[in-house]
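K.L.:
Let the hints inform the model, and build the full structure from the sequences given.
2 protein chains.
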Amino acid sequence: MARSHEITFKYLSQEDLLRSGCLDFRMAIEAVESALRAHRAGKVLFPEKIVQIFNEETQERINCLPATLLEEGVCGMKWVSVFPPNVREGLQNLSALFVLSEIEHGFPIAVMEGTLCSNMRVGAVGATAAKYLAPEDARVIGFIGSGEQAKMHLLAMKTVRPGLEVCKVSAATPPEEEAFVEEMSRILPRMTFETAGTDGSKAMSDADILVTATSAQAPLLKAAWMKPGAFYSHIGGWEDEFAVAEQCDKIVCDDWETVKHRTQTLSRMYQAGELSDDDIHANLDEIVTGEKPGRTSAEERIYFNAVGLAFVDVAIALEMYRRAAGKHAGQTLTLQKCMIFEHPEIRHWVQFDF
Amino acid sequence: MARSHEITFKYLSQEDLLRSGCLDFRMAIEAVESALRAHRAGKVLFPEKIVQIFNEETQERINCLPATLLEEGVCGMKWVSVFPPNVREGLQNLSALFVLSEIEHGFPIAVMEGTLCSNMRVGAVGATAAKYLAPEDARVIGFIGSGEQAKMHLLAMKTVRPGLEVCKVSAATPPEEEAFVEEMSRILPRMTFETAGTDGSKAMSDADILVTATSAQAPLLKAAWMKPGAFYSHIGGWEDEFAVAEQCDKIVCDDWETVKHRTQTLSRMYQAGELSDDDIHANLDEIVTGEKPGRTSAEERIYFNAVGLAFVDVAIALEMYRRAAGKHAGQTLTLQKCMIFEHPEIRHWVQFDF
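Sequence order for the protein chains is L and R. Just so you know, we're using numbering that gives the first Met the number 0 here: the first sequence kicks off at 0 and counts up by one. Just so you know, we're using numbering that gives the first Met the number 0 here: the second sequence kicks off at 0 and counts up by one.
Don't read these hints as lab results, they were simulated from the structure. Just so you know, these numbers come straight off a predicted model, no measurement behind them. Accuracy of the hints is not assured; some may be wrong.
35 Å max Cα-Cα, derived DSBU-like pairs, lysine-lysine [unchecked claim]:
#, chain 1, residue 1, chain 2, residue 2
1, L, K9, L, K336
2, L, K326, R, K336
3, R, K48, L, K9
4, L, K336, R, K48
5, L, K336, R, K336
6, R, K336, L, K9
7, R, K326, L, K9
8, R, K336, L, K48
So, partial list: chain R residues that the calculated Cβ filter (under 7 Å) puts toward chain L [said to hold, decoys possible]:
#, residue
9, S12
10, F53
11, T67
12, C74
13, S80
14, F82
15, Q91
16, L96
17, V110
18, E112
19, Q335
20, F340
Every residue gets a Cβ at the ideal spot worked out from N, C-alpha and C, and that includes glycine.
P.N.:
This is the structure in structure tokens:
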């Protein structure tokens with residue numbers, strides 16, 4: 000029983016993660032594919048998330064999303080807040096934190112900032128879909144929306160389609176478009192950027208890859224703007240007219256059964272009886288494992304919709320932790336030095352007044 | 000938009016909590032009562048916990064238990080591992096960690112070691128029950144089991160019944176009993192301790208308060224050992240013969256509806272048709288609010304069984320955080336210095352090779 004009862008874990012801030020090279024979409028996309036394969040092989044525990052809503056009107060909430068990667072021996076959890084009114088105060092809508100534990104003894108191994116991972120997951124899942132579904136020679140990418148998700152999606156798409164040369168962006172206001180271009184042209188100096196002056200058709204009409212990354216609940220994207228052969232990654236809620244999906248040759252989801260019960264465009268179409276199970280070509284894991292084909296012609300239009308799968312978040316967080324730990328980033332924190340009653344000072348610490 | 004996007008939170012290790020006086024059962028019991036009242040008043044969100052089991056045979060698992068205290072403006076989560084085989088390796092069965100977030104903007108305020116809080120919660124809930132249900136003049140407390148839970152229960156019971164003078168302990172082996180006495184007599188030097196030489200009847204027969212805190216799945220506690228007027232706090236799973244509960248005048252639970260579906264003694268009795276809803280006097284919150292009476296005679300035997308309510312854990316964790324923060328204990332950690340694409344170094348941090 001002389002075994003030490005000290006338990007330590009690693010804390011990684013967003014800056015620790017960024018500095019140690021975790022904003023790496025090749026790493027994230029590999030983690031996505033590996034997690035999708037593991038899930039398909041029954042090697043993932045993926046319980047229903049817990050949603051706590053504090054305000055029905057504003058939908059302010061904190062979600063708790065655990066998952067276990069059995070082959071990696073890691074159980075993790077994303078703790079993510081979604082507070083839409085924050086944006087009006089100049090604060091971010093979403094904040095997140097991950098906890099990772101090993102499952103040999105059950106002890107925590109990491110607590111990590113989670114917005115980076117969570118936002119990268121959205122981009123990496125879209126890019127994984129694009130890897131199998133977007134035109135090989137995609138040259139032009141168009142955005143409706145210019146926030147963090149749009150920026151992440153651009154980096155992710157450029158990773159799987161390095162031939163992308165032109166990025167067109169449409170946002171609610173011209174200054175938002177300009178800010179996007181200013182920031183992203185510093186990161187991608189060889190890419191040509193075009194602002195659309197808030198005109199969605201200008202951003203989308205010529206695009207090989209279309210991305211809508213907006214919280215606007217309105218059919219901003221029109222079917223007529225999606226050219227034959229294009230790939231569309233839908234990130235938000237309801238932002239495209241029903242005709243977009245109706246016109247597509249293939250519809251792929253990360254998890255169609257979950258999509259059905261949400262409030263995204265495809266969910267609305269399903270609930271309105273305008274879309275059925277038969278209209279869905281595949282879930283993304285079936286494409287990744289090769290059970291169903293990806294793109295099979297240069298002319299087909301393909302629609303991809305993701306709702307988010309927490310085990311994918313945990314898989315990316317784990318890779319980030321491994322990379323950061325390998326570079327000795329972050330802080331090692333002591334959870335406990337020993338068990339409670341083993342502390343020599345315990346009798347002085349107990350608060351008694353009798 | 001010049002508003003800072005830095006987010007910080009407090010990290011508190013077990014030693015930070017202990018050093019700042021959080022092993023305080025008056026504080027914990029007040030938090031229990033306040034949380035039970037808030038729950039009864041509908042001011043608590045308390046979703047179903049998520050259980051992930053990694054080994055059906057050993058029941059190794061990690062549970063995720065979130066809850067929100069609406070009046071306190073705090074949403075919290077207990078992340079707790081239960082790995083029974085750890086004990087054979089000289090390691091602790093249980094480890095835990097809490098995350099607390101404010102619900103004005105949704106940002107995290109604390110990450111804390113959680114075994115201390117979780118173990119104190121068990122004791123504090125038992126002691127809250129004892130406050131209303133144990134004899135006022137209780138002098139003798141008896142234990143079957145001598146682990147951390149037994150130690151916590153002794154401190155908690157002494158808080159609500161300072162007249163306790165004698166503590167008798169029975170464990171699986173004499174060295175375990177001796178270790179308990181050695182540790183606890185240092186904390187409670189005026190209490191008289193007696194070891195029972197593994198004979199449960201010696202520890203229990205004269206006790207005003209009986210506590211079973213053991214993982215043994217066997218009917219160790221006999222009805223004949225519980226004298227009239229005594230109060231019994233059942234902590235473990237199945238450790239008392241059915242006749243104990245049958246003989247009691249009142250049975251109180253923390254949450255009878257939950258107890259029904261577990262594997263504790265009362266659950267087994269219910270499932271065997273030997274106990275019905277009518278046999279349950281009250282849930283503890285009904286006693287605390289005065290909706291149902293506590294002890295009404297000096298002769299009645301009262302049985303208390305708790306399964307654990309995560310909102311109570313969160314309430315105690317919150318009080319610990321407040322006390323520790325008030326003493327500037329722990330470390331302030333930066334979750335993020337700014338939003339991802341606001342970092343001036345971002346273009347150097349993105350991992351691109353094209």
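K.L.:
State for each hint whether it applies.
P.N.:
Hints versus structure:
no.: 1; hint: L/K9 / L/K336; in the structure: holds, 15 Å
no.: 2; hint: L/K326 / R/K336; in the structure: holds, 20 Å
no.: 3; hint: R/K48 / L/K9; in the structure: holds, 26 Å
no.: 4; hint: L/K336 / R/K48; in the structure: holds, 28 Å
no.: 5; hint: L/K336 / R/K336; in the structure: holds, 29 Å
no.: 6; hint: R/K336 / L/K9; in the structure: holds, 18 Å
no.: 7; hint: R/K326 / L/K9; in the structure: holds, 25 Å
no.: 8; hint: R/K336 / L/K48; in the structure: holds, 28 Å
no.: 9; hint: S12; in the structure: holds, 5 Å
no.: 10; hint: F53; in the structure: holds, 5 Å
no.: 11; hint: T67; in the structure: holds, 5 Å
no.: 12; hint: C74; in the structure: holds, 5 Å
no.: 13; hint: S80; in the structure: holds, 3 Å
no.: 14; hint: F82; in the structure: holds, 4 Å
no.: 15; hint: Q91; in the structure: holds, 6 Å
no.: 16; hint: L96; in the structure: holds, 5 Å
no.: 17; hint: V110; in the structure: holds, 6 Å
no.: 18; hint: E112; in the structure: holds, 5 Å
no.: 19; hint: Q335; in the structure: holds, 4 Å
no.: 20; hint: F340; in the structure: holds, 5 Å
Consistency with the previously given hints is maintained throughout, with no hint failing.
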